[in-house]
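Number of protein chains: 2
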Amino acid sequence: MAIVVQKYGGSSMATAEHVKAVAERVKKAHESGLSLVVAVSAMGKTTDRLLALAAEVSREPSPREIDQLLATGEEQSVALLAMALHDRGVAATSLTGPQAGMRITGRYGSGVISEIRPERIHKLLDEEQVVIVAGFQGMNDLGDVMTLGRGGTDTTAVALAATLEADRCEIYTDVDGVYTADPRIVPKAHRIPLISPSEMAEMSWRGARVMHPRAVELGALYDVEIHVRSSFNDNPGTIIRKDDDLERLETSETVAGIVHDLDVSRVTLTGIRTGPGTMSRVFTPLAKSGISVDVIVESAPKEGSSDVAFTVKRADFAKAWRLASEVARSLGGEVEGEEDLGKVSVVGTGMLNRPGYAASMFDALGRAGIPIRMVSTSEIQVTCVIPAENVEEAVRRLHKYFELEERDV
Amino acid sequence: MAIVVQKYGGSSMATAEHVKAVAERVKKAHESGLSLVVAVSAMGKTTDRLLALAAEVSREPSPREIDQLLATGEEQSVALLAMALHDRGVAATSLTGPQAGMRITGRYGSGVISEIRPERIHKLLDEEQVVIVAGFQGMNDLGDVMTLGRGGTDTTAVALAATLEADRCEIYTDVDGVYTADPRIVPKAHRIPLISPSEMAEMSWRGARVMHPRAVELGALYDVEIHVRSSFNDNPGTIIRKDDDLERLETSETVAGIVHDLDVSRVTLTGIRTGPGTMSRVFTPLAKSGISVDVIVESAPKEGSSDVAFTVKRADFAKAWRLASEVARSLGGEVEGEEDLGKVSVVGTGMLNRPGYAASMFDALGRAGIPIRMVSTSEIQVTCVIPAENVEEAVRRLHKYFELEERDV
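Keeping their order, the protein sequence lines are chains A and B.
Just so you know, the first sequence maps onto residues 1150 to 1558 in this note's numbering.
Just so you know, the second sequence maps onto residues 1150 to 1558 in this note's numbering.
Don't take every hint at face value.
Since the list gives no way to pick out one identical chain from another, each pair is judged satisfied if it fits inside one copy or across any two copies.
What the hints assert, rightly or not - Here are the simulated DSS-like cross-link-like pairs (lysine-lysine), alpha carbons at most 30 Å apart as the crow flies:
id	residue 1	residue 2
1	Lys1177	Lys1391
2	Lys1169	Lys1468
3	Lys1462	Lys1549
4	Lys1194	Lys1169
5	Lys1437	Lys1468
6	Lys1549	Lys1391
7	Lys1194	Lys1462
8	Lys1337	Lys1391
9	Lys1272	Lys1176
Just so you know, these hints were derived from the structure itself, not from any lab.
Next comes chain A alone, as it looks inside the complex (with noise of 0.2 Å):
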């Protein structure tokens, strides 16, 4: 019988009458025949309110123990899902992330799956149960419960859809899909019906929040299909698939949808001592203090000395400022930045063989008197950081220009 991994997330489980309409969709899919293995994360905005807590009770909370606290919302959410499917008449049998074999290796907060050991739920499919597992989490080599940090639920579905060896896996969102730009800021954006794993992860990377970008290239590397759908309504969603059509929708298809990114900030060392070992030493204290940075730009030494920019999100900031500052003091620099600045970028595989695109882009924004602070790109996107306020017109103005509102759907 054929394996389906579903995934439900946070938005899709805010309240009981969430729990219960999600239950009559699986129990639908149960019936259709399919054996389903359902992923869960916790329910609307119960991990905000555990980490409220946590800082009301501490300042400076351990990872471990934020792990420990940070599991138990969907291990509600499988509970309450299992009971409402027991309600309508289905077997079913809820599973924490450790009860479901999932192990993980790593860091507290950040952990990676290693393994899963799907006997139990071959042996609840078997008997012809739905098997519900808590999403975003696993146990450790201690026996303790890790997160695998947010948006981990997706990595959950399609690391068991990969080893399941699932027909698909069916990421149930808010939204209809993934679509060109985000229809709130494009009104004519328009949903993608087939996307390539690699565009959907830079997609992901740099702004969609449709799906988490790990989980998309763990898709990728396991060959797992993935749709993308909404929870709310029965509309066809996204396929998310590398395959022979995809190439030829590849080739006619040049730009697949612009995204954009409204949490980011610059820091900019100005004027440091160039040499062997200098990037080394601007970015390791950002490492070590956990702080994950998108963009770097190096200019061009002049005389020994050179600027370094790099962007973080608004909430690291501060601290980043901080541990900027002391590194671009001891090499004879100083720190400027801005806080309050947004990306957007152009994603597509067939800007791989069209040179060009950069330029365009930055035409497009040019004519629109959108000022340029940051360039980045790989060979599937061209990414710029703008200030904040100018990035609902910049999306508007790349769709328009690079004729997504046109396209035949």
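Position chain B against the provided structure of chain A, taking the given hints into account.
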């Protein structure tokens, strides 16, 4: 180093502020040089909130899923308390029931501790860490979390104290200890400084809310000295201990206290045919439905028929009535009952060798014009079921009648 087990209930952990206050208390005990194991309950109304959620998603939630759900309440508490201790510079580790080696057998929702494997606790104590254990839960043979039923954290704490051969088990609650009667009803009631386990167990079963009776019995079985104290002050509390001093106390003091319970309903089967197996036919359906029956009275049979009366909690009244009706009809009888009853009990080991206490109790209630519906006696207590509206008056009368207010403390 002396090991002490402390238990903090839901009211002691109600908010983040409460958790911090508990952390201060634990810190002080830790600094005094004790090896500390702390068992905690879920925060305040968490368990009720989770049960309400379960009722929203399912008409009849499965006991296994209820246990998976409820266990998360205590898991949150232990993580938060660990964080609050870290914040105060105290090394501490939180453990779920399964992580602490609590093995449980029996039925979901009413599990029984079968074994504690204390290796991990001992290892942490050797490192001079405070070990915080989730109360009310453990792991069954399937690897699932199972709960001990309500009030189970008392049992967790006493079982830990017995296994670890602790010096004592301290039960922190929202009252100063065990009183000769409820001080809200009898202003002259006073704290009992020392009480025997058998008296304490009877008082708990008969309505004293201060400690779970199963935990008291477990403590008696394994000779665990239990201190009941307030988590809000440093008052001395009540010591539950079996020893020479207490023997003397028992012979000099006859009545330890008056306890009451307002959650009582009565169902009576009248005029039913009696014979071998009648009682089993009446009570087996109740047991199968999970209804706990407290007092049972069977009248002497007249001409082959008799009356059987029993009490249940108010929440079970309607169901018990329905089940009793079916049995009564099949035995040629009828059913009647009263929903709003209470019971009042006089408890004391001193009563053991002194007959006449029941008569004295009836005398006191009779003088006050309080009707007695049912009577139940054991070696160390007499209980009368009376109308709920008369319970407070009865407690005051009996406290005075047995001269408890004049006792020297």
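*Which hint numbers does the structure go against, in order from smallest to largest?*
Per hint list: zero violations.
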